[in-house]
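Participant: Okay, here's what each chain looks like letter by letter:
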Amino acid sequence: MIQDLLLTAPFTFLSAMAIIAMVVDALIKNSARITFLFSVITLIVSGILAIATFGQHGIGFNGMVTGGGFASYFDVLFSLGGLLTIFAARSYLQREGIEHDEFYSLVLFAIGGMMLIGHSNNLLSLFIGIEIMSVVFYVLSGYMRSSVASVEASLKYFLLGAFSTGFLVYGMALIYGATGSMDYNHIAMNITRGSLPLESLLPIGIALMVIGLSFKAAAFPFHQWAPDVYQGAPTIVTAFMSTAGKAAAFAAFMPMIMVLMPAATAKLQMTFAVLSAATMLIGNISALAQSNIKRMLAFSSVAHAGYLMMGLVAGSQSGYSGIMFYLTSYMFMQIGSFIIVGLLERRGEEHLEISDYAGLSKKHPVLAAFMTIFMFSLAGIPPFAGFFGKYYLFTAAIDAGYLWLTIIAVLSSIISVYFYIGLIVKMYFNEPEKEMPDTEIGLSGMSLVITIAGVIILGIMPSGILSIANAIFGHSSH
Amino acid sequence: MPHTDSAGLLFLPLFLPLLGFLSILFIDRVQEKAIKYVTLIFSLLTFLASLPLWFVFNDGIDGFQFYSNIPWIPSIDAGFRIGLDGMSLLLVVLTTFIMPISILASFQPIGKRLKEYYAMMLLLEFGMLGVFVSLDTMLFYVFWELILIPMYFLIGIWGGKDRIYAAVKFFLYTLVGSLLMLIAIVWMGLYAKWTPGGHFTTDFLILKQLAPGIPLDIQIWLFLAFALSFCIKVPLFPFHTWLPDAHVQAPTAGSVILAGVLLKMGTYGLIRFNLELFPQALHEFAHPIAWLSVIGVIYGALVAMVQTDIKKLVAYSSVSHLGFVVLGIVSVTPEGLQGAIIQMVNHGLSTGMLFLCVGVLYERRHTREIADFGGITKVMPKFAVMFTIAMMASVGLPGLNGFIGEYLTLFGSFQSKFLNNPWYSIFSASGVIFAAVYLLWMFQRVMFGTNDNPKNHGLTDLTKSEYWQLVPLVIFIVWIGVYPKTFLSKTELYAQTLVGSIEKTVLGTSAYPKIKAQKIQEHVNHKSGH
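Chains A and B, in that order, are what the protein sequence lines are.
So the first sequence is numbered by the working numbering: it starts at 2 and just counts up by one.
So the second sequence is numbered by the working numbering: it starts at 6 and just counts up by one.
The following block holds chain B by itself, in its conformation from the complex (with noise of 0.2 Å):
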């Protein structure tokens, strides 16, 4: 049961973007200043205000918590129904401890029609927070839409050369998943209907107790309606081939965004809605799906290998990375899920940074070739040391962030029963290895080597600005690294009770056929009652 316990807390937060929005609409375009600041001040606010729903939040409650209901849409049950659990709400705080930061980054580089981007930038945090927190299909449907609008002119205003292609590349992806997922929502609402006494809804838990009575073949067609939006967020291996383009064309901030928060939508949707409720139908599909996952990550770390752009290495890697994720979420075991969702912070912070640091790079060069750079530590020593750690982030290396996630997702596929074939982890983990050839080889073409390029010689090291952006995500990383606990204790209780209903429902006897024939003759019963 939700508990709605300081349900007011969740509404700062969440509608402070908005109000930023609103304000830089009514600002004159002339005042630049004005506008960066007002902006940055509503997505400082906005990280402090989310700060207490962390300190409020009881690791020890299963459940949503924060929970708020108001009606909104009565003809069809819809209703402003959000809350948090351990799993939104890192995601929550991720997304406002992002925000700052792109937008402090965002400063410098833009340069041509202020007023819309940030507007744009408070109207993206606006739909990001209201995806994790929404518990309502409907209004989950909005708000996951109203992210295309802000990121598809993020892409195509600010972006690079190829920016049109990308912003309409990126648009028609995500509508096509998105639109099957609106299907799916509208089939789901109608079954609560069509149960005996039951009314059209579109309210998230009550759809999770009717879940399971759906026949299987049918839960089958909205698992896979669910999840081909969601993978193509994510971007699951082959649904990837948006993300590179829009990487490459987005600006500094916009990439932060994309890789930091607006992925981890596509893997919140799987941990939500595939997987909570439609445990049954993903045990059909958990081979398929993990070997994609493993096909993702070795076949973007493979490819990462032979970028000669920077941000195309990094924008790969994230494919690569986020097979991880998926391959955590499939494993159903308590480890997997906890190490799935910590993955995802964790990505968002070293991917993030380091698209900060190529952004760093092409502030000063404008390329982002990996051949014309080379030597840059002797020029750039503060630089060098802050790409370095992002970079080891990235790679896994114990003592940092990277290697919990991934270490708690291999561990997790490795002893799966859903899965029950160690080869899934045996080969994701050669994607570490890759992740370590492909990074450290750039990073050691860039950065070391003789600085023999005219044009790099007077670079100059990290402003104040640059460096407070990079400051907290190094905090965040070495946390993670060295204590995770801080984090990890906020997802433990959600893992282990969906795993373990789950176990419960689709492996209980261990006899799943059995239950397959069962689901079925309730199918058949069900049509016959009708």
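Just chain A, with the same shape it has in the complex (with noise of 0.2 Å):
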């Protein structure tokens, strides 16, 4: 039992503190100040123990959950994301009148369910990490109650998720009914060892959950109510569900994917390849017709679920180690934008529009420039973090002989270039149209900041992170 809450200690202790900052809240009037503070601590220290369990391997409560490794990478990069979101959440909740007491505590659950969907070695597990994000997910994307966009978007989200979580559950039955177990460990055994007795079932399974998850990472054909939630919900929590949701999504894909390729190879990584394909070419070129900034960046996200999928097309130790680079280059950059575009919009909807930025440098150069080393990196241009992120998915890709596929990436980034740099212009070299109006940055400028950091580090400095996931599929627990 003690190995067990060890080898998982920084999500147990996250979702321990969960339900106490849950409790706090009902038990004190005005505690936002209070969780607040609780859920920093709480983040950080998680992020501790995650980096401390690193180096242990195995498997724990009767294999329901593993540890290190794998798991604990992510539990450090979904600490990473609570820590952004929520120090720049603390403004904009004010200026947006929504500071509730309970958003901490929420976005804590969320982060909770990540880090299991992270640790999780049955599907039982995964499923039940799923969910308890999915839920926050839906409450918080309607959080601003007197909005009808972000209603709108709450309910839009809760229907779809609660259809693709059908699709999901479905596929786990079948695979269950199939090699029966839910084990991970034994799936993979059992179907190593083949002659199944109810084989034909195995692929429907697996197919019905890829269309679960791939809900969940916004990848083609199950994007389409990305950019509504992520337009509707308010900015600091699309920032959240877009790069750690995202991160979770590809966090449950690839165990999965390295327990199930021997059943299926061929045929999965050619469908991974055509939704790959798909899903950044429908992303870039909808992100292109956006007038508004949310919408863009949502487009945007869909194609980036793209570009993280050729890793799993490659299948391969550096297809899952670029996985884990562009998830986390990806995180800077993608909350890091985010984080600016909630600094200048009010009222939920105003200044939302792309023109909105024209002449941005003159009143905010600051914010300008942030904003354009975040456009260049989502863009793949070097020295940017975004840049080896495309690098080394491409590379895996072009390895496992996926050559066409690297070429639309290719295509498909020169379109994207299009509409990053199409801000730049605006926010450089284009007039004012409408004030913007000014902004206190406060605690966000230290998540602009660590994002910032990250963005160019990871640029330069690209071979620490990737080590760390190189040295992960080195000799893999899964």
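Take every hint as true, because none was put in to throw you off.
Label pairs and their computed distance ranges (CB to CB):
{"no.": "1", "chain 1": "B", "residue 1": "His292", "chain 2": "A", "residue 2": "Trp405", "range": "24 to 34 Å"}
{"no.": "2", "chain 1": "B", "residue 1": "Lys38", "chain 2": "A", "residue 2": "Val25", "range": "56 to 66 Å"}
{"no.": "3", "chain 1": "A", "residue 1": "Trp405", "chain 2": "B", "residue 2": "Thr393", "range": "54 to 64 Å"}
Note that these hints are calculated values from the structure, not bench results.
Glycine is no exception: its CB is placed at the ideal position from the N, C-alpha and C atoms.
Two chains, two frames, a set of hints: combine them into the complex.
Facilitator: Okay, here's the thing in structure tokens:
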């Protein structure tokens, strides 16, 4: 028992703290300040715990969860995403007048769910993790209660999300039926042993699970919810959902692929390749046509899911570590750009048009410069983190024999450059059309500094993160 | 083998601009004078720091000098590998020489957002120097792309009327080419990994050893991916359409840098990658590329002839002049190659000077239409002398620099075994005549005739600052024209060894088809052994 708790220390600690935070909420009025500090400490501690348990390997709680390595990496990533989010959230929520007490404990719960996804070694624990995370997301996206768009986003997300969960559960059931187990290791063993009684169910089960997870990752053709939800949800929630949420989806994808790959290597790879190509093309082409900045970033987030899937297609060590690196750099650049959007928006709907950003460099030179760096990074221009993320994924895909997919990825990056630099054109080359509000950066500055440092440091010195990621898959427990 | 002697010398000129860029960021934007002079001082220091390279460089050594290799991303064996050979030495010194002049030329015209402007100039210099010294494909690519960012802002913020269109066009054109190059870079790294006992690498020197072993059909694809990227940058006809837009819209200093250095990155890349790595593929494509460069020479000249805007005229003359450079490269003769390299420098000096002269006129009259001028010689005699020198250098008058480069490239392509067809030289020689026509005609309309436009009456002659921007250029234009040996001697050994080795591998027994068959056999062996 102690062994099990130690193995999953970051996750169990965070979950316990989330519950305490909720109790505090219930007992103390106007507790936002307390829960904020409480959450910051919790996230820092669980991040440290994750780093401390990095070297551990093994399974706990009767094979339900794993610890160390892969899971620890994601624990750190989620904690970091949470920290960046709540630092920026504090002033954002106050400005928008929606700083209700339970926000921070909800974020903690979502992170708890994500961590469980990263730790899961069993379809059941995976499912529980996904559900905890999703339910919190449904609530958070409707957090701006007075805004119709926010409520609509919440409802839409909930209905479609529930539907996709159905696919996920059905897929899991079929996989269980085919292999006779929920446990990853047993499933893998039974598949490699061969001669399964209901083998024909396996591909259907895999397909249904891929559908369910593609929905969570906002990949084509299950991305339709993303633009509306990302636009309607409070900006800071969107930042959180589109980065940590996506990372969680890939934390679910990777072990699953590693386990199920032997069953359907070529077909599964091809399926992912087609999905990946379609996702990046649709995402980038749709983003071209957007006039709302949140919608543009939402579609670009769809496209980034496509790039990430290239790592799944490769299905190799370099592919998986490429995904890890990309998720990390994506977290910095995406959260960073949403924080800037959040700083400039008012009452949830004003100053969100791309044309509002005209001449921003005069009024807010530093914000404009940061936004420019995030945009160049998202577009994959060196020497920023986004470039190396793409580079590793491209290398992995070519190495796996998917040159055509890489060429499509390159072409779609070129499309994406057009709207990313379109924003820079607005900020630097155009004269202001509308006065942008003064804004108090406050605690968001902390997140901004961390994200910008991340984007630049990962771009110039990518080897640290990469060697960690490589070490995970060099001797993986999965 | 690369030589590591006094490798430290190369770091100073490379990193001084970056240091300058960072220091500009910390100067308050209202301190306009400080920003200007700090930038100028850093660019001058960079130039001074690059001079020791020139004197320490040993002409008699084959291979890279000042080589250093610092690990950067061990997992893909990317390193901070830098070094110089004769070609890159010339281009590095050209860059450090042009930059202070362009910065000085910006003092007057650039009136808004000085902090961003000068920061971008230094970042640009850092990127350009990085491109010329990189001996690692990854590092090269990072520097190559790094240049996009400052250049994009230079055109987009401080450019002319259609600057946004020009900036976006410049960005997208360049990016299309360079992303294909990225795929080729990745593929070559993976090829190193696929060879028995190999590992992924971006070390240029290792890749150079491996490149001849790549099956010819794949070499051709890699060649095309690199060549497209570089030909867009050169720009070779028909990829040139971004250039006139970018030139016309860019501020004067931007045009000087664009013509002086940025375009050279394309021809540099063609030599460094296409010629050094894939000579066999080049042999396959020598004729189409030679035709394109001949078309570029003539087309550029003809289009220049009908321009009514002086700056556009000079921009199209670049298309024409760079055609000679590419022709010299694909001739694969020592003369052609040396001519191409010296012509890169020449074009940087003389076209840079022409753009400065156009800038001088524009500053006074805020127009660049030829029709708006006439009889300027009378009011601006000093300027007339400078403009004449720049124009004559560009025409290729013997005794000035342009003649040497054009003569060598034409001579090289005439006797090229690669091309084996004298018509290329004959056709492109007509470009020299056309150049005389369009430049002299423009000069006559602008500088001579009657000064009947009242707006042109009271023009002031060159200011001291303008004068001193132009004088250093004149010195080198005459120097190269009269005594080119100083510069040619740097590249002589490089050109001879490179051409020698290519002739041996590609033309060796002058039985080319045999080599192709042999390569296919190797390819089959490689596949089956895999």
